[in-house]
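Protein chains: 2
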Amino acid sequence: MQKEPLNLLFIGFGNVGRKLASILSVEKAGYSGLTGFSPRVIGIITRRHGALVNYDGLKLRDVLAFYQNNAGFNHKHPDFTEMDAKTAVNKLPYNVLVELSTLSIADRGEPARSYIQSALEQGKHVVSANKGPLAFSYLDLKLLADRNDCMLLHEATVMDGTPVFNLARTALYGCQITRVSGILTSTTNYILTAMEGGVSFDQALHQIQVMGIAEADPTYDIDGWDSAAKICILANAFLSGCLTPLQIPRQGIREISGRDIETNSGQGKKLKLIGSAWMENNRAAARVAVESIPIDHPFANIRGTGSVLQIETDLMSPLIIAHMSPGLNDTAFGVINDLLTISREFQRD
Amino acid sequence: MQKEPLNLLFIGFGNVGRKLASILSVEKAGYSGLTGFSPRVIGIITRRHGALVNYDGLKLRDVLAFYQNNAGFNHKHPDFTEMDAKTAVNKLPYNVLVELSTLSIADRGEPARSYIQSALEQGKHVVSANKGPLAFSYLDLKLLADRNDCMLLHEATVMDGTPVFNLARTALYGCQITRVSGILTSTTNYILTAMEGGVSFDQALHQIQVMGIAEADPTYDIDGWDSAAKICILANAFLSGCLTPLQIPRQGIREISGRDIETNSGQGKKLKLIGSAWMENNRAAARVAVESIPIDHPFANIRGTGSVLQIETDLMSPLIIAHMSPGLNDTAFGVINDLLTISREFQRD
Chain F
1 MQKEPLNLLF IGFGNVGRKL ASILSVEKAG YSGLTGFSPR VIGIITRRHG ALVNYDGLKL
61 RDVLAFYQNN AGFNHKHPDF TEMDAKTAVN KLPYNVLVEL STLSIADRGE PARSYIQSAL
121 EQGKHVVSAN KGPLAFSYLD LKLLADRNDC MLLHEATVMD GTPVFNLART ALYGCQITRV
181 SGILTSTTNY ILTAMEGGVS FDQALHQIQV MGIAEADPTY DIDGWDSAAK ICILANAFLS
241 GCLTPLQIPR QGIREISGRD IETNSGQGKK LKLIGSAWME NNRAAARVAV ESIPIDHPFA
301 NIRGTGSVLQ IETDLMSPLI IAHMSPGLND TAFGVINDLL TISREFQRD
Chain G
1001 MQKEPLNLLF IGFGNVGRKL ASILSVEKAG YSGLTGFSPR VIGIITRRHG ALVNYDGLKL
1061 RDVLAFYQNN AGFNHKHPDF TEMDAKTAVN KLPYNVLVEL STLSIADRGE PARSYIQSAL
1121 EQGKHVVSAN KGPLAFSYLD LKLLADRNDC MLLHEATVMD GTPVFNLART ALYGCQITRV
1181 SGILTSTTNY ILTAMEGGVS FDQALHQIQV MGIAEADPTY DIDGWDSAAK ICILANAFLS
1241 GCLTPLQIPR QGIREISGRD IETNSGQGKK LKLIGSAWME NNRAAARVAV ESIPIDHPFA
1301 NIRGTGSVLQ IETDLMSPLI IAHMSPGLND TAFGVINDLL TISREFQRD
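Keeping their order, the protein sequence lines are chains F and G. The working numbering numbers the first residue of the first sequence as 1 and each following residue consecutively. The working numbering numbers the first residue of the second sequence as 1001 and each following residue consecutively.
In isolation and in its complexed conformation, chain F is listed as follows:
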């Protein structure tokens, strides 16, 4: 059906990248919705764990086993290369860049932002699970993509694979979104929920690190940077904003004490870290703040690692979309759904 197969270049091969590779190879037969979807991965470039390139497509099943056995890629793999990401993005014959490296606030989304820009300048599609480039340069990158008739998709950047951007792009077509708000960071919501049960902040943080959900350096989550990046992407994508995480009011949960939780509980409320974006004087505004949520509000029952987004529009009454227990599969699905969207567009040409 496809005129041209999807040739993917992965930048990054962390948890999400490896899960994605696994779904597309080892696990694929178990998912009937993926029948007939066979993109080739022609390159995987990591910053500290080596790189592989094979124009005919890497054998993902073997690649995963090799990575696990060797804690990365090295010269023993037949497809091993010394090529760096910048060269790969500029030289390899991929048609979709899949950006899977991690958020960098200090570097304002770099170097991923530059890679995405280079790919789009070459007329290649981009799928990003990395929040940074979208949080810092959404508008520039989107304009570049539109100018070059490429797709720039990023479903996995907010609420894992929950179809937030997809929902807005198709299902809410005809509505103008006026406000979005929600619980966007799993780590902080897990800690606040655990603290309701009497666990200390430090214990709760330790628990979620052991679960492998919080980063080894959980600062971005705890201090609200993760939520700030996500709400900026939402503000920029839905409200035509031009905000960056550095510009918006931001609060983390580091200062929340067990007593704060108890006091709120006594008043029938729960503390939640909420990202919000709205229109103010015809411009997008956003913030991240700890808010007291009444116990009968739909956000109150989003516990643990769950996340939720309320979408307000001009035409409809508020919609809520929630994800109860997102995991790696969900983030990987966000990328896959974007790839399927590109694949369908390819078929249509």
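Treat the hints as calculated values from the structure; they're not laboratory data. Bear in mind the structure is a predicted one, so any value in this text is a computation, not a measurement. Just to be clear, a hint being listed does not mean it is correct.
[As the list claims (entries may be wrong)] Once the Cα atoms are required to be at most 20 Å apart in a straight line, the calculated SDA-like pairs of lysine to any residue come out as: (1) 269(F) <-> 1268(G); (2) 1028(G) <-> 314(F); (3) 28(F) <-> 1314(G); (4) 269(F) <-> 1303(G); (5) 91(F) <-> 80(F); (6) 1028(G) <-> 173(F); (7) 1269(G) <-> 296(F); (8) 76(F) <-> 47(F); (9) 28(F) <-> 1317(G).
On the provided structure of chain F, position chain G as indicated by the hints.
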């Protein structure tokens, strides 16, 4: 941009039809997402309130005023006609049938089902806000639509305009849906919520009838028929089922007493009327039942006229989509979103 304008034929002109006409005329300027969307309504056929036809497009603003002043259409309107729905569906030069009449369980979705079938047989697109035809004949109608290369869309049939089918069609592409469950009927959820506050069943029913949300004859809602029709549409659309509301286990809320509510409340639970559909031995199964929902479950905080649907898939962890206070606007938006989808497909031809 459109090769051919959308020429709509409305069957029915109740609350939803009039709201839809109002959004497309009187209110349109206020909704920037509808800029450039100018379908023509060439006929409005009602069962008991007369009919209008004008091949150049009815003047909806005047039509609404006339309807209000005359409690329907009559020979004083220049576009008045004695044409019945069957004739209109077979003879008029519309390209989208908009079926807006009400659910009939006793007649198994007729006569709307036949109108939709006739339209599809002529190669015309169909948008239905009427649950009956989809609840009783989803598979036949869908196959007919596919065979004739027509669209059969019905976003407004479940959860008003909340993009349930749209979500599944695009945003969950690549996943297989394995189970759906939720609170699907506003009237029953309103009554159960009011009873939690000590109001009697009869008082609560009276309240919601005064609000104009329950039908004058609320039997379909109270006895679970409305939920049954909706869960059948979901089962048939998402799980390739072939179920009708007459075939599935169904419970209503007529027998629920204040004491039942209190007993559950004492156990940290709330009673909710839940529609569920799932796969069982490779076949779709469904039911409607009153269920005890733990107070910290996301369904528990869906109060009053709110509705909610949990979608389980093979690839992702469960998603929840909720609507807190749906109104007529939302149902009308469901129809408009379907019309926009057809309009975009037209542009693509």
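Quick rundown of the hints versus the structure:
no.	hint	result
1	269(F) <-> 1268(G)	17 Å, holds
2	1028(G) <-> 314(F)	11 Å, holds
3	28(F) <-> 1314(G)	11 Å, holds
4	269(F) <-> 1303(G)	17 Å, holds
5	91(F) <-> 80(F)	16 Å, holds
6	1028(G) <-> 173(F)	15 Å, holds
7	1269(G) <-> 296(F)	13 Å, holds
8	76(F) <-> 47(F)	18 Å, holds
9	28(F) <-> 1317(G)	17 Å, holds
Every hint from the earlier list agrees with this structure, and none is contradicted.
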